[in-house]
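Residues 95 to 1011, numbered by this note's numbering, are exactly what the sequence shown covers, in order.
The set of hints was computed from the structure by calculation and includes no laboratory data. You may find that some hints are simply not true.
Here are the computed lysine-lysine pairs in the DSS-like style, where the Cα-Cα straight-line distance is at most 25 Å [said to hold, decoys possible]:
(1) K506 to K618
(2) K759 to K823
(3) K622 to K163
(4) K969 to K916
(5) K163 to K133
Distance ranges between label pairs, derived from CB positions [stated by the list, open to error]:
(6) E752 to E1006: 27 to 35 Å
(7) N532 to S401: 32 to 40 Å
(8) Q964 to N532: 51 to 59 Å
(9) Y128 to S763: 24 to 32 Å
(10) H255 to D807: 44 to 52 Å
(11) I887 to G736: 52 to 60 Å
(12) E1006 to G197: 31 to 39 Å
(13) S247 to D807: 24 to 32 Å
(14) E695 to G603: 25 to 33 Å
(15) G197 to S763: 29 to 37 Å
(16) V160 to G245: 51 to 59 Å
(17) E1006 to P443: 55 to 63 Å
(18) I679 to T519: 53 to 61 Å
Virtual Cβ for every residue (Gly too), placed ideally from N, Cα, C.
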Amino acid sequence: PDIIFARMTAQNTTHLQTMVSKMIDYETNPPMDYNFYHKPITALGWQTERWFQLCSETVGGFWREVQGKSPVRVYDIFEGIPGSIWSTAQNTQTVVNYFGPTGTGYIPASPMQLGGWSGGNAQMIAAAVNDGAFALQHRDHGYEYGWGEPGFSNSSINNLHNNQNNELPFVFSINCLTGKYNIEGECSAEKFHRYTYNGLNAGALGVVAPSEISYSFVNDVFVWGMFDLFYPEFLPDYGPYVNGEGMMPAFGNAAGKYFLQQSAWPYNTGNKEVTLHLFHHHGGAFLTVFTEVPQSLSVVHPETIFSYQNEFTIQANAGALIALTVDGEILVVTKATGQFQNIPIDALPAGSNLTVTITKPNFLRYENTVEIISPEGAYVVFDSFGINDEGSAIENGQLDYGESVNLNVALKNLGIAQTGNVTATLLSPDAFVTITQNVAGFGIIQANSVVMMSDAFGIVASENTPDGHIVNFTIVATDGIKNWTTGFSLIANAPVLEIAEIVVQDAAGNNDGFLDPGETAPIKILIKNNGHAPVLSAAALFTTNDNYLTIITNSPQSYGTLHPNQTRAATFVVSAAPSIPVGYIATATLALTADFGFSTEMNVPFDFSEYCIPTSNCSYGDGFRSFSLMEINNANNGCSSGGYGDFTHLVANLSPGETYTVNWKGGFSNQRASLWIDLNSNRTFEPDELLISDFVLANSSVVYATDFVMPSDVNTGNKRLRIRAQYNKSSADPCSNFGYGETEDYTITIADESMAEQIITIPAGWSGLSIYLFPADPALETIFAEVMNQVVIVQNPAGIFWPDQSINTLVNWDSFSGYTIKTSSAVTLSIDGEPAAPQSLQLQAGWNLMPVLSSCPVSVNELFNSFPDQLVVVKEIAGPGIYWPAQDINTLPALLPGRSYFVLLTSNVFLEFEPCK
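Build out the structure end to end from the sequences listed, making use of the hints.
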């Protein structure tokens, strides 16, 4: 835009002092209470023919679903009754499609699924503001002195007592007239902005509001464009239309208008100009609202520089805005890179001071002064560093948790004379780092020269170092005559693990993807590493204190090495007691340990709830008379008892990502039909599982057809499908009781198209064994069931399986491990499962028993060609094949699927098996 404008409507010095001090105090001493940022407020008045409810609830839904906040909803009704649809206005479906379950997911398909649309009042708004909220988003009708619904007037503002710790919300007053600053009295925005309580700042930090009558639909679209500047992911395929970072309301006021101008969502395009002209920002033009608890910036720079220097060295958080000023004059403004950077400056006069100011959204403001001094003698400062972690388990040139590294450090003499023999001492107050070598000699450093010392200092990061932790260091250098203090910082890395998915593999049971009462099934638990360092040699023990659960797999199962952004799985067999009460939630604990003392515990719930069974009356013909989908053909099924029909014995086989046609017929006219599939198998039909909503079966003599798309990321197994119909009303609630209608449940099966079969021929005697699949049932008793009489022993470093002696300490198969096996005669194994992922291995220094994670022969030379210095030898378990590069011996050209091999290494190696060509 040509200009970003802001307004402070002060009628006297007291008004101006209040408005300006609110902004300055908020920036220099912002609120630090977590709940202030966790509980923003959305307020609105429901009007069925408008988008008020869509406007505020999409913002609140974004805060809730994406930001993980808990918005306080204060809602009341202006006109209409909240039901199955969001609005009767033109283009509503376009908006719902964008923000609803098939789009961004901020709102459900039906407002009935949220509730809480009525009863909001001024007292509730005041209580929410007094309790603390960083923002208040209102959408409804308004007038010069307040809001329509929920009613909140200038007199209501007098009930605000939020005068402590600068806990002032920014108010988005999206309505009519509340910002009419050109009246004789005090409009709502002015009252909010000027308000104090007991002589201390209270009310609002600032306000966006309209100065005249404005219009629906265009105002709503304006809000969505404004919030897209504050949160660029809010409208993931639009904007931003204005340069700005963070919640900068004056900039958002402009960005929202640009978005509105190009949008086709509002039908009343002639009213766009009104919104463009009438919405104003009351506050500072560069005011930035904190949306999270502010953090401290990590900044390193010298305390003094010489007057002749033409660059300034600094390190600050990536993306932070750095401003350098002298006597109020801005020399340079630039963005921080997160690394040390040299900012060009003009030479500055000795005796002056350089002011360093750094800001970043949701960070505390940094300001410091650097003294400009005359050059004389020598002057030593830190120049650069590198990390030497050669020989460590994680060789990546960075500091990782539990790792011992050396620091290569360079010092620079900025002075005009050489130094004496320089000795430097490394210091750090950080509790997560131990300095093991703290003194280094740098010798004589010539004027304007750099001396780099390899392995100058040694440090060890503690095993519990958090991921992304910034470690600050100080270097004190001396040549016996002068002392110099300088510093730098580095980032330490660690794993951050979370459970990515839990899959109940109950194919031997009812294959519904649930652990049911009385059922025993393998449970595959997938873990993802969201951190920036790998976790090595991870293994997890699954335990429970719950009397209704029995963990049959009582030994740790291997997860191997999880690199950043990598997911791996392990399987545990779990049994549920037959007597588990309906609705009971049992819990178990996954305790994972790994190298470098890494450990974490994650809770795993097992929900034994049942599907809701709603009632309705279909005795007059309401509901369904036929339903068909693929193999399901339920014709002339009549009225179900109590309006609920359990047809789960009828099964349709579906595939992810495919489009399917439903054919259905009502038993009475004007039935609205909806369809859900419990995609995540949690016995709850959630908003994003509503695949057909309120399809109209207008004529009872017609079979209607409509399509739906099966989501591509659905898990395999049996799923519950539910259809509901209600006479002349929405059926888009999966559980509510209907007056006239019917509910029917069916079963669908999602085939596992990733399943594969591996045939392994095992010779008599000793041999190596591996499986490149995750077996569908990983229990060793199942894998070897058909050849149990021929199996003598199976073992690896983790345990042993000895059927004749009833010994089984391995329990489940680990696809990321190799095994040795002895059989009394040759046997053939047939294994069903999905390919192990990832197809990579962390091998340790020393001897390894390596599996082959490939369905085709793997060239041993190509697999290890990146590790000529680490590999000693690869050999068959019980055969003559050997690959020994140092001796130029290769009688083992290829590693075969189904086999395992001994590998000797001098240091750790991370192997990647390439896909078969």
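Results for each hint:
| no. | hint | verdict |
| --- | --- | --- |
| 1 | K506 to K618 | violated, 56 Å |
| 2 | K759 to K823 | holds, 17 Å |
| 3 | K622 to K163 | holds, 23 Å |
| 4 | K969 to K916 | holds, 18 Å |
| 5 | K163 to K133 | holds, 6 Å |
| 6 | E752 to E1006: 27 to 35 Å | holds, 33 Å |
| 7 | N532 to S401: 32 to 40 Å | holds, 33 Å |
| 8 | Q964 to N532: 51 to 59 Å | violated, 32 Å |
| 9 | Y128 to S763: 24 to 32 Å | violated, 55 Å |
| 10 | H255 to D807: 44 to 52 Å | holds, 48 Å |
| 11 | I887 to G736: 52 to 60 Å | holds, 59 Å |
| 12 | E1006 to G197: 31 to 39 Å | holds, 37 Å |
| 13 | S247 to D807: 24 to 32 Å | violated, 49 Å |
| 14 | E695 to G603: 25 to 33 Å | holds, 28 Å |
| 15 | G197 to S763: 29 to 37 Å | holds, 32 Å |
| 16 | V160 to G245: 51 to 59 Å | violated, 31 Å |
| 17 | E1006 to P443: 55 to 63 Å | holds, 59 Å |
| 18 | I679 to T519: 53 to 61 Å | holds, 56 Å |
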